[in-house]
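Turn these sequences into a full structure, and let the hints steer you where they fit.
As you go down the protein sequences, you meet chains V, A, B and S in turn. With the first letter of the first sequence counted as 1, position 192 gets the number 192 in this note's numbering; the numbers rise by one all the way through. With the first letter of the second sequence counted as 1, position 8 gets the number 8 in this note's numbering; the numbers rise by one all the way through. With the first letter of the third sequence counted as 1, position 100 gets the number 100 in this note's numbering; the numbers rise by one all the way through. With the first letter of the fourth sequence counted as 1, position 65 gets the number 65 in this note's numbering; the numbers rise by one all the way through.
Calculated directly from the structure, the hints in this document are not laboratory data. Check before you lean on any hint, since a few could be wrong.
Partial chain A-side listing against chain V, Cβ under 7 Å, derived [claimed, not checked]: (1) Thr12; (2) Ala15; (3) Leu16; (4) Leu20; (5) Ser210; (6) Ile388; (7) Leu419; (8) Ala424; (9) Ser428; (10) Gln431.
What follows is a list of derived Cβ distance ranges for each label pair [as the list claims (entries may be wrong)]: (11) Phe57(A) x Arg28(S): 18 to 28 Å; (12) Val5(B) x Asp517(V): 24 to 34 Å; (13) Asn63(B) x Asn375(V): 44 to 54 Å; (14) Val107(S) x Gly96(A): 48 to 58 Å.
Ideal placement from N, C-alpha and C gives every residue a C-beta, glycine not left out.
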Amino acid sequence: MAHSVFLPIEIACLALLAWIVLAFLGLACIRQPRIILNVIFPAGAAISLVIAVVGFMALTLQAQTIILPLGLPNLPFHLRLDNLSGVFLTLLGGVSFAVSIFSCGYFRNYNGPKLALVALQYHTFLASMALVLLADDAYLFMVAWGAMAVASYFLVTTEHQVPQNRSAGFIYLLTAHLGAIAILFSFGVIQGGHGEYTFDALRQAPLTPLWSTVAFLLAFFGFGAKAGMLPLHIWLPEAHPAAPSPVSALMSGVMIKTAIYGMIRVIYDLLGVIQWQWGMVVLTVGAATALFGILFALTQNDLKRLLAYSSVENIGIILIGLGLSMVFMGMGHPTLGVLGLIAALYHTINHGIYKALLFLGAGAILRSSGMRNLNQMGGFIRHMPKIALFMLVGVLSISALPPLNGFASEWLIFQTTLQAPALQSGVLRSLVPVTAAILALVGALTATCFVKVFGIAFLGQMRNPDLKEIHDARFTETIGMAWLAISCVVLGLLPVFVIHLLNNVSLSITGFGLPSDAVDSNWIWLIPTSAARASYSPIIFFAVVISAVLITIFLVHRLYHGRLRRGPAWDCGYPEQTPRMQDSSDAFAQAIRRIFGPVFKATRHFPSPDDTAPRFSVTVEDKHWAGLYLRIARLTTFVSNQLGVVQQGRIHVYLLYSLVTLIALLIFVQ
Amino acid sequence: MEIFWILAIPLTGGALLAVLGNRDWAPEFGLFLSACTLVAAGFLTAHVVSEGPFTAFNEQFFVDSFNIFLVALTALVAFTTSLFSRPYMRIERDHGKVGVKALRLYHSMFQLFTFTMLLALLSNNMGILWVAMEAATLTTVLLVSLYRTPASLEAAWKYFILCGVGIAQALFGTILLYFAAEKILGSGGTALLWTHLNAVKPQLEPTVLSLAFIFLLVGYGTKVGLVPLHNWLPDAHAEGPTPVSAVLSGLLLNVALYAVVRAKVLVDGALHTHLAGYLMMGFGLLSVTVAAFLLSRQKDIKRMFAYSSIEHMGLITFAFGMGGAVASFAGLLHMTVHSLTKSAIFFAAGHAAQITGTQIMDNIRGLIRQSPAVGWGLMLGTIAILGIPPFGVFASEFLILTAAMHQTPWAIPFLLISLGVAFAAIFSKVQSMVFGETTAPRLSHSPALVPVFVHLLLVLLLGIYIPPYLAEWFHQAAQWIG
Amino acid sequence: MNTLVSGILFQVLQSVLMVLLAPLLLGWVNQCRAWLQNKKGAGIFQPYRTLRKLFNKDAILANNATVFFQRMPYVLFACMWLAVGIVPVLATGLPFSPAADVIALVGIFALARVFQALAAMDIGTAFGGLGARREMLIGFLAEPAMLMTLFTASLISQSTSLVTIVDNFAHHPFAIYPSMAFAAAAFVMVMLAENARIPIDNPVTHLELTMIHEAMILEYSARHLALIEWATSLKLTTYICIGIAIFLPFGIAKAGDWMALPLAIVALLAKLAAAGAGLALLEMVSAKIRIFRAPEFLSTAFLLATLGMLTHFLLEV
Amino acid sequence: MTIPLSGQLINLSAAFLLLVGFAMLAQRRILSLINLFAMQSFVLVLSTLIVAISTHQHHLYYSVGITFVLKVILIPWLLHRFIRKLNLKWDVETHIAIPTTMLLGIVLVIFAFNLAQPISQLSGTVTRHTLGIAIAGVLLAFLMMITRRKAVSQVIGFLAMENGLFFAATSATYGMPLVVELGIALDVLVAMVIFGIFFFHIREAFDSLDLKHMEQLKED
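So this is what it looks like as structure tokens:
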């Protein structure tokens, strides 16, 4: 086997190094953009594959550690490759492979310097994410975490001429920084006073329940800020539209997942003893995040903003899974907790893949048509059938429709919620199913949202017919999207394998696994706890639907005729069918805005009566801005204004300060 | 012997330049002198590394793990600064902001300032240390007012008076110290030698020493820029020529803090209480918080980074006050990375101001377009100074914060808020300066940005790898700082 | 082995039977409606005639219709077929049943709905979009309510697989579950909404202000329309069957139990007839409500279902 | 106990120093302020001389010499030249509230005595009781710098502070080591020169030495 020569972790380190080297090669090739496109990015993709393979191998291997002679004098860099990091490395490798390939085509119209910088930051970004997953001591983790934030920040501000992009970048880095500080402090709490910062030491460190709760809260805040949970999500819908689409794909697909990784690492692995109250916190926040995210996604018109909000929603769903798992763990039902954990991990992977796919699709549309606003799109399926196909796969997956992967993971989460009777306290027993209700609502809303996306963007008539020369995805772009689409289908059809692999993870970090029924079940039947409770077989499902369709077609054409004529669409008696008669994206979301009115801050712009080409438009704002962030900003300025008075220019006053200080201190000492 | 050279070179150089400073080759000559000083410092460092701490010239001079790295740092920053100031001052001359005589003054004073810094570091005599600190003020005060603008004069005057008064308090502290030491060591020269004082510190009279420390703290603290004694600092940084701001932030503050720490060691030894520590922590926290909040209202780029210097000095003071091996180590590391980063930032900021012809940040835009090197230098420097990994500033902040985590948890909220506010304040401004579009013209001389990137590279290196011998010094120093 | 064969036979039998019966049920409902309105009615076999007529016609597609539009009817039909094949109507323990539990069942309906809505938007007419939008609106309100009702049942019988649920209710000593009352009420409301019946939608009018389901299929003709109509009747049947399976599962045979089969069939027919008549009665006594009242209606259903679940936890555990 | 004659003389001169300190605090006219400063320096020299004679501290003789040359002759002369050059001869401090300043001064003096109490207990010098007065001198000079509006008078305050420190050194410890004394002296001299340069710069920038012009740099 490969790792008889090289340990997987060593290969991982080498791959990481190779990425960094590529980054600087990219910078060196500032004059030859061709080389960057045709050599650097494909090479990066190859490395991604290596990473993916390593991560996959790690899923079945024992944890391996390695210590690099770098870092702080008494805290060298510790690296560790275990099953948990394996999962996320696989995700990183798999997604970044597709994205790198896609980028070869996507960045073709960038000029030399810009492209070189992108190549530099892009590969640094990849390397730092891998490093986050491999880090085994607090310092290295923080370093990698920060490098990740900085690299992605520069990628977000690639188009820094646009003012919104600058502010987006600023908000993003600010949130990331605050989060990082919180995480740092949480590590500081966990190590409990003996100043050892390797993760092993943190695992051993004894903590009082109070302090571990403090640590949990800090970590939850810090990682939540990166993951985009309520109310720290504001950076996401700003940064994603600003960044180049492949980068948005990476950020949504992988980067915010590293925050989930961090949560699992800290809560399950480092803290170990989980209290059910934590679970409730995570559960509530998760539910709120999911609902809020999807409601806002529904009301967006900018495709990438919409996708960003839907990422918020999915993070919420993942948090629901985690929260359930923590509740069960805390209440002393580890096996059920494991189910929740696996569901969360599974959904993490799935979301990583289909969200990356959707962002790449959005990018392809943007590059070929220059459009991000749904209200202007329409009928693209006739010009970009390939993109449409892949987007359809992504849409069906994210809408949690069987038999694709989104459904599989949400199904598992539902199963977890249905284990509520096992809980002792009646309150929890009745609260947990409510989250199930919210999850159901969110799922249905997601379907609505993405019907809107696909229907408005690809179906119907072209909204502005004068738009010429829009063409389909380029070759490399196609490969990138195809890769992700295929993995969506595979992950949807073979959940059992995934479950078994993830079971190793939970065994290695919590020490518990799924019940025997689930583990022994063969590859057709997905059985969470026991066959009698629930079972699901996407393959049979898929086979039956397909065959049913074929049979129907066959019968219909056999028993009757297959004659078909084409004609103009029925025009309802109007003289003509103009594209403007179709539902716009605004119109589609109108019912939502009306039903969930209180959530939004919607302002409608009516056309004036004597407007020859009247357009009705509506803008939806996030209430958190005015409600929370602007207040904080105002408070800060107030304080600093108060302090500014101290410095009022007269040297006598300054001298007085020193005299007073001196005397005060002298009195203090005496 | 190295000590002799290391002091003689800048002194004689300063004297020479006072006469020849108006020649065209004066900048190159100054550069040469700084290079020589750096080499001498290198030799001295090698000497200490090989033989450990030693005293020289019948104990008047003293080198140990604490001051040697500061000596090396000082020589290095002095060298890079003169490297930077060569084109910078020429551009200033082309812009007609300074005349030939002013340049002569500048070159000679720069060397003398280096001399005073090194003297303060190397001297074993607390009295001489004081003399050197005062001399440092005297050498820089005329540089602050180099442009003769009303603002610069005002800044210089405040700098002069406030630091003069402050330093006077320090002198009184020194007298008290001498007074206490004389009891044990007898009167005469040796009673102020730090090595002797350190040897007998447990016997020193506590009440006197606590008073002495108050005076020393207020005195040297004024030069460190501790709130509320800091008022001279932003003005001087903003109005003086950029190289001066760079060395003020990069060297002077460090050396002043060095003096405070030396005093703290004695007082701790004598008092057996944590008084000095608490005082320093108090000043440190106050400085960090106030500076962080004042950052957000700055309009002048150099003034803003001056406040950031106050903030970081506060953090270092806090670290030393906290004490303990980790915290002191972190403090030393932070001293190093801060002076490297901050001087780098000032270099970049200076060129930025020259490019756009203003120091008002609202009028500086799109640096990255006009001169990518300046833009990236400023951006990366800012990211480094804000303590974002993988830069070295983060390494030290990591240690400080985690140490504070279990030594003084009550301080955490202040630090948390301050760091957040400082980040928001600085980064929002720098970002809008670096990015965006611009129409600024090119510079008459190509800017020297080698120093910027050398410094940043070093800082980056310290973030991911600290050389063993450096770590060794820091450890030793941290040991006896306690 | 033998059980498997008989199981598959049962499966096939049930699927085919239900597919063939579905239009009849629709006809029966319409006939009852007519009777209740003192009309003579078209007779209960009218739907079959309609289907035959439609199948024999030539299909017309709009010029810009894509493959979506063309294939949607088949997908729709297949989904409904699968759904009705999963629900244990005649007998439990069918080989397909474990392939999809109640959640997957809801998933199937969602799948069908999404495809229908997309197809409706394909042509780009005003009505298509309007219909799709309203359909999704009803959908995202009805689906959670549906799930909640099913969850109540599955919490009682500790399982989400319909077979186990039916077994639990049918072949265990009878017990009164107050929560099921809530669930039943919610289920009926959801069923009305999902099948485009009064008071949410009116299957017989094409009044543009009110119509939902019809708006989506305005562009369809001939065999495509026929399949859609058939699928609609299948959907109605499936819902009723689910209701039967959960709320009155008595008389459902075990798989391979040939003796119990006739009884099961009779029981099923009786239940379907009763349910159809009941449905007609409901539609008679209630009036169509405004589209923006629909959310209130459905959120009430959702509330009832959730209440049912809570009552289960408060009273029955 | 009875204090030896030298001690009495020193205490006398100390008292005189304090008096002069208050006089400077009250003095409005700059010219006489300079003279007062010279007088204070002279008293300082005297007292130091007495100490030197009475305790045979040879290095004190040097510092006596330095101080005499520097503070009694050179600096007053320089100051006189400056104000002649800048013709500030009749320049007076406007509106300073003398009575309040005096009161503050007295408070400071009391504080200084309390501060000096414990230290004087420890001191073995004949001059130990004058330490309090030295501190008082420093603080009074400080107060003076705070209250004065003119650059020159602020500088004089600064020098007075230097005097106070010097007096403290002699009274507490019979003076600092010689090296330090020399260094301090050098610094004071250079400082003086630089102050001079500043006067001219400020003058040409603001055509007045009033500090009220130099209040522009602030947080607005």
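Structure-based check of all given hints:
{"no.": "1", "hint": "Thr12", "result": "violated (36 Å)"}
{"no.": "2", "hint": "Ala15", "result": "violated (33 Å)"}
{"no.": "3", "hint": "Leu16", "result": "violated (36 Å)"}
{"no.": "4", "hint": "Leu20", "result": "violated (36 Å)"}
{"no.": "5", "hint": "Ser210", "result": "holds (5 Å)"}
{"no.": "6", "hint": "Ile388", "result": "holds (5 Å)"}
{"no.": "7", "hint": "Leu419", "result": "holds (6 Å)"}
{"no.": "8", "hint": "Ala424", "result": "holds (6 Å)"}
{"no.": "9", "hint": "Ser428", "result": "holds (5 Å)"}
{"no.": "10", "hint": "Gln431", "result": "holds (6 Å)"}
{"no.": "11", "hint": "Phe57(A) x Arg28(S): 18 to 28 Å", "result": "violated (50 Å)"}
{"no.": "12", "hint": "Val5(B) x Asp517(V): 24 to 34 Å", "result": "holds (26 Å)"}
{"no.": "13", "hint": "Asn63(B) x Asn375(V): 44 to 54 Å", "result": "violated (24 Å)"}
{"no.": "14", "hint": "Val107(S) x Gly96(A): 48 to 58 Å", "result": "holds (52 Å)"}
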